[in-house]
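Visitor: Next come the chains, spelled out residue by residue.
Number of protein chains: 2
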Amino acid sequence: MRSLLFIFFIVISASLQFCLVAAEVRNFKWEVGYFFWSPDCIENIVMGINGQFPGPTIRAKVGDTINIELTNKLVTEGVVIHWHGITQSGTPWSDGTASITQCVINPDETFVYSFNVNKAGTHFYHGHYGMQRSAGLYGSLIVELEDGKKEPFHYDGEFNLLLSDWWHKSIHELEVGLSSIPFRWVGEPQSLLINGKGQYNCSLAADYSNSSLGTCDLNQAEWQCKPQVLNVIPNKTYRLRIASATSLSSLNLAIGNHKMLVVEADGNYVQPFAVDDMDIYSGESYSVLITTDQNPSMNYWISIGVRGRLPKTPQGLTILNYLPNDASQLPVSPPPITPSWNDFNHSKSFSNKILALQGSPKPPISAARRIFLLNTQNLFNGYIKWSLNNVSLALPSTPYLGSIKYGLKGAYDDKSPPENFDSDYDIMKPPINPNSTQGNGVYTFALSSTVDVILQNANVLSGNVSEIHPWHLHGHDFWVLGYGEGKFNEKIDVEKFNLKNPPLRNTAVIFPYGWTAIRFVADNPGVWAFHCHIEPHLHMGMGVVFAEGVEHVGQIPNDTLRCGLTAKMLTTGQLP
Amino acid sequence: MRSLLFIFFIVISASLQFCLVAAEVRNFKWEVGYFFWSPDCIENIVMGINGQFPGPTIRAKVGDTINIELTNKLVTEGVVIHWHGITQSGTPWSDGTASITQCVINPDETFVYSFNVNKAGTHFYHGHYGMQRSAGLYGSLIVELEDGKKEPFHYDGEFNLLLSDWWHKSIHELEVGLSSIPFRWVGEPQSLLINGKGQYNCSLAADYSNSSLGTCDLNQAEWQCKPQVLNVIPNKTYRLRIASATSLSSLNLAIGNHKMLVVEADGNYVQPFAVDDMDIYSGESYSVLITTDQNPSMNYWISIGVRGRLPKTPQGLTILNYLPNDASQLPVSPPPITPSWNDFNHSKSFSNKILALQGSPKPPISAARRIFLLNTQNLFNGYIKWSLNNVSLALPSTPYLGSIKYGLKGAYDDKSPPENFDSDYDIMKPPINPNSTQGNGVYTFALSSTVDVILQNANVLSGNVSEIHPWHLHGHDFWVLGYGEGKFNEKIDVEKFNLKNPPLRNTAVIFPYGWTAIRFVADNPGVWAFHCHIEPHLHMGMGVVFAEGVEHVGQIPNDTLRCGLTAKMLTTGQLP
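Just so you know, the protein sequences line up as chains A and B, in that order.
Just so you know, the numbering used here puts 88 at position 88 of the first sequence, and the rest follows in order with no gaps.
Just so you know, the numbering used here puts 125 at position 125 of the second sequence, and the rest follows in order with no gaps.
So here's chain A without its partners, still in its complex pose (with noise of 0.2 Å):
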C-alpha cells in the first residue's frame, strides 16, 4: 500500500512538472489610442493597439495565462476589451464587456486582464464599449493545442484571416445617427477588410469586371492596404483561420478553384466537410482546410463578399499565391461570384452541415428551463430600437457584476424580463404595436442548470423584412439544437432537435422569419452578454443579460468596480 501510494506521488509530481512547464505565462503591454492608417487606401483615424491595426496577434497554447496591461491612451473616450471565445471560467471580471462585467478603463488609465485560455481554437478580441469595435479595436487570439497534442487533422502550415468592414466616417458619427430622430442607418460599409486590409480606390480584380475603379498595382499600393498575400506551397495542406470581427456585414469566402473542408467552429471541432464557398457571420470562427493540388502555375483569388443584405460594398479580395509564381500574377478567371445575397437556402444548407465532430460533448438531454427571446424591431419614444420579448436593453450604468455580487440596490430592474412572448404574436408583419420598453434586468439562471434559448425572428418595424442576427453568448459554449422556419412550436420542433451531434458554438445565426434553438449548461459563475453581435444592433438594444452563481464568483478587482453605485459602495468602506 505504501509503495503504491509513493508511486501514487511519483505521478502526480512529473504530472504537476510537466503541466508547470507546459503552461506559461504570457505577459503584453498594450496601449490603445487612435492613430491615422489607411485601412482600405483612404486615410483615416482607427482605433488600434500599440500603433498596429489591426492589433496584435496573440497566439498562445492550452492552460497558458494571458496577462494584457491595457492602458488607455485615448484622449477623452473609456475602452475596455472582449476576449471573444474565451470562456473567462474563474475570472468573469476579465471579460472585457463595459457595463456588465466591468467599469470602463479611463483615459490614461492602466487595467491588467488576467485570464485562463483553457480550449484550443481561433478567436480574436474586440472592443465592447459603445461602437469601438467598428472603430478597428480587434484583433486575433489562436490557442493551440498543448504541446504533444495532436488536432485530429492534419496541415503543413496555417493562415489567419481575421475579417472586418469598414466606413469612412467615425463611429460618433454613426452612433449619433442611430440614436437621432429621424433614425439614420450607418448604411452599409465603404469597404471589407482581410487582415485590416481592404481596397476601397482601387480593384485587384478591375481587369475583370466593368468596373469604373482602376487596377491596384500590387506592388505600389501603400503597404498598409496592400493585400496580405498567402505564399502557398504545391501540394501542401493548410489550414486557414478565419474570423470575422464586422460591424455589420455577413459574409461569404470563397477561394478559386478549392474546396474547402471545415473542421471548426468556434473553437470546437467539426464532422469535416468539404464546400466550395462558405458562410461567416459576425462572431463567427472557423478552419478550413485546403490542400494546394491545383495548376500550380497560376494563383487563385480568395474573395469575400456580403450576403443577408443589398451589398453595396465590394469584394474584399486577396491572392493564393502558388509558389515560386509571382504574386502579381493575377489568376486567369474573375474572384468568385459571391451567392445572391437573399440565397438563403444556401446559408442555411451550410449551417445545417455544421455537426460535431464524433466524441465532442453531448448536450444533456433535456433543459430545466426553456427562453423564447422575440427579435422584433420597435420603437421607443420614438427612436428605432431592438427588442426581446419587447424589451430593448439599456445598460446600466453599474457593471452587473459587482451590483449583483454585493446586492446593490437600484443598480438595474431587479425583475427579471419575460421569458416569453405573445402566442398570437404574428412573425411574418411589422409589429402591431410598434413600441417597446426599455429595460436591463437580468435572467438569472440556477448554477449548472441547464437553459434552453429560442431566438425567434420577425418582421421588422415597417416593409416586409425579416434581417439575418448571429447571436453571441459570452462564457459558455451552447449546442445549436436546430434551425427552423416560420414560428417555433413547442409541441413539434423540440421533438426535431439534434441532441446526437449538435455543433458546439458561441455564436448561431437566426434566419429571416425562422429560428434558432440552443442549449447550454450554466455552469459559469458569472454575469454573461448574450446578444446580436452586428454591433449597431446591440447598440440599439439587442441584447439581453444573463447571470448564474454570482455568489460563487471570487474577490472581483476593485479596478473593475470604480465606477457607478459599486464606486460608492467602495467609497464607504463597507464592503458586505
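Hints listed in this document are in silico derivations from the structure and should not be mistaken for laboratory results.
Note that the structure is a prediction, hence the values are computed from the model and not measured.
Be aware that a few hints might be false.
If several chains are the same, the list does not tell them apart, and a pair holds so long as it fits within one copy or across any two.
Calculated lysine-lysine pairs in the DSS-like style (CA-CA distance at most 27 Å, straight line) [to be verified]:
(1) 236 - 169
(2) 149 - 236
(3) 259 - 415
(4) 312 - 348
(5) 496 - 348
(6) 73 - 415
(7) 496 - 409
(8) 496 - 353
For this one, chain A is given, so just place chain B on it according to the hints.
Guide: Just chain B now, kept in the frame of chain A:
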C-alpha cells in the same frame, strides 16, 4: 446700550432678509450629447447640451447659487464643464477642469456643479477635457448686478454675442494630428460662428466681393446657421456682451459706421474708451456700448475676422438691423475690413487702452514671488509640444485637488517646476536645443500672498515666427501690469509696471516676441489651471498648475475623486 443692541439686531435681520430674498438658487438639468447640427450650413455632429448648440445661456444675479445637474449622454467619452470667469471661491471642485479639479463625469453618470456667482460680468462656460470645446461644448454665462444696483453706464437693451470657430473634421482627428509624427496641424477653421451660426457655403456679403460663394438668402437659410440679426431701435444705446470661446482664432470685431465704447473686460469695469474695431482673444469677454445714431433707413454689418494668423477663414457676419427696416436689406457698403492679420501695433494699441475704471481695486504694490514663464515650442520624443521653462504640461490621471489635499504620493511630480529660464536664452531665435521635458509639477503659493507672473514669448521651433497666446487663469482675476517688447528686463521693466489703474482680467495676451506681466493675490484655496486658451496649444502642453491653501479646502465631494489614486484611497476607506 440695550436699545442700541436691539436696533443693531433689527438692522442685521433686515439685511439678512434682503439677502435671502435677493439671492436665488438657480437649478438646471443638462444632458451633454452629440447630435447632428449645421453650425455653418454644413451638417456635422456637434457636442451640445439638451439638444441645443451652443448650450443654453445661463443668466443669474450676483449672489445666486447655480446648480447644474449634468448628465453625460456621450456614448464613450467622459466630460467636464468649466465656468470661465467664475472664481469658485469655496467650491474649487466645481471649476470643471479634468485632471485638475475633478475626475471626469463618465457616460450615463451625473454630477452636480454647484457654485456661487459673486461678481457681475459677461462670462461663458465650456468643455475642459481633450478638445471638447472645439467640438462645440460651450455657452454663455451672464451675471447681472443685484436688484437695485446700477451699472456705471446706461443702456436701453443688450445683446449677447458668443464667438467661436469651427472645423469640419472631428476633434478626434484633430487630436490625433497633434499627437502624430510627423505632426499635423489642425489647420485654420472652416468657419467663424456668432452665437453658433456661420455660413460656409455662401456669404452674406457675396455681392460686395469677388467671392466665388453665392449669396446667403437670409430668409431661406437653414435656421441652424441663419445669422442672428440684432434688431435695434434708432437712437438708443445697446450693450453688446461679447465673449470668445474660439479654439484657435484671435478675432477682430467691428460694426459698420458705429463706434463701440468698451466698458467691461472679463467681468471687470474698465475706463470707457471708444474704438472702431476691437480685438478679442480666446478666453476674453467684453461689454461695449453702441448708440444707434446712424442713418436709420439703413442696416449695418457686424463682422468678425481673424487676427494674428494668416487668415484662411472667411469673416463671420451678421446684421445690425435698424427697425423697422427689413433684416434682409443689406448695408450699402461691404463689411468692415478686418485689420491686417499681422498689424500687431493695432492690437497692442487696443490692449493698452484697457485700464481699470476709477475706484476699481488696486494691486498690492509689490509681490512676494515673481515667476517667469518662457513660452517655447519644442520637441518631446519627436512630438511637437509647447513648453514653459522647457516643461510641457502632461496632466496626471489623478486630479490635483484631491491628491494635494490628501497628500497622495506619486500622483504628480512633487518637485516644483522651474521659476525662471536661462538668462542667455535668445527669444528671437528658434531654441538651440529643441528638446523639452514633460512634467506635471505644481507652483504652490503661500495663501494670500501676492504673485507676479512674467509671461515671456519667444520664437517657435523653426522659422522666424512668434505666435499670440492668450493666457487664462482659473480661480482668480489678475491685474495686467504691462506689456512689453522683447525680453523682460527686471531692472527696467518692473519700474514701468502700471500700479495705478491696471485692468483686472482673467485672460491676458502675450504678443509675438513680447512679454506680459500680471499680478494676483493667491487668496482662493484650491488648484488652478493657468494656460494658453488656444485649445490645441493647451493640448500640446501649454499650461501650468497653481495651488494655494489646499489645506483650507472644505470636504471635496467624493464624486470628483473617483478616479486614479484618489479612487484607490477612497476604496481603502482611509480618508486622511
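Visitor: Hints first: check each against the structure and report whether it holds.
Guide: We went through each hint and held it up to the structure:
1. Within a single copy, residue 236 and residue 169 get their C-alpha atoms no closer than 42 Å, and across copies no closer than 50 Å, so neither meets the 27 Å cut-off.
2. For the identical chains of this complex, residue 149 and residue 236 are intra-copy neighbours only, at 21 Å inside a copy versus 92 Å across copies, given an alpha-carbon limit of 27 Å.
3. Taking the shortest Cα distances, residue 259 and residue 415 never come within 27 Å of each other, neither inside one copy (51 Å) nor across copies (67 Å).
4. Within a single copy, residue 312 and residue 348 get their C-alpha atoms as close as 23 Å, which meets the 27 Å cut-off; across copies the closest is 58 Å, which misses it.
5. Taking the shortest Cα distances, residue 496 and residue 348 sit within 27 Å of each other inside one copy (16 Å), while across copies they are farther apart (87 Å).
6. In this assembly of identical chains, the alpha carbons of residue 73 and residue 415 lie at most 27 Å apart only when taken from different copies (25 Å versus 38 Å within one copy).
7. Within a single copy, residue 496 and residue 409 get their C-alpha atoms no closer than 43 Å, and across copies no closer than 66 Å, so neither meets the 27 Å cut-off.
8. In this assembly of identical chains, residue 496 and residue 353 lie within 27 Å of each other by CA distance solely inside one copy; the values are 16 Å within and 90 Å between copies.
In summary, the numbered hints that this structure violates are 1, 3 and 7.
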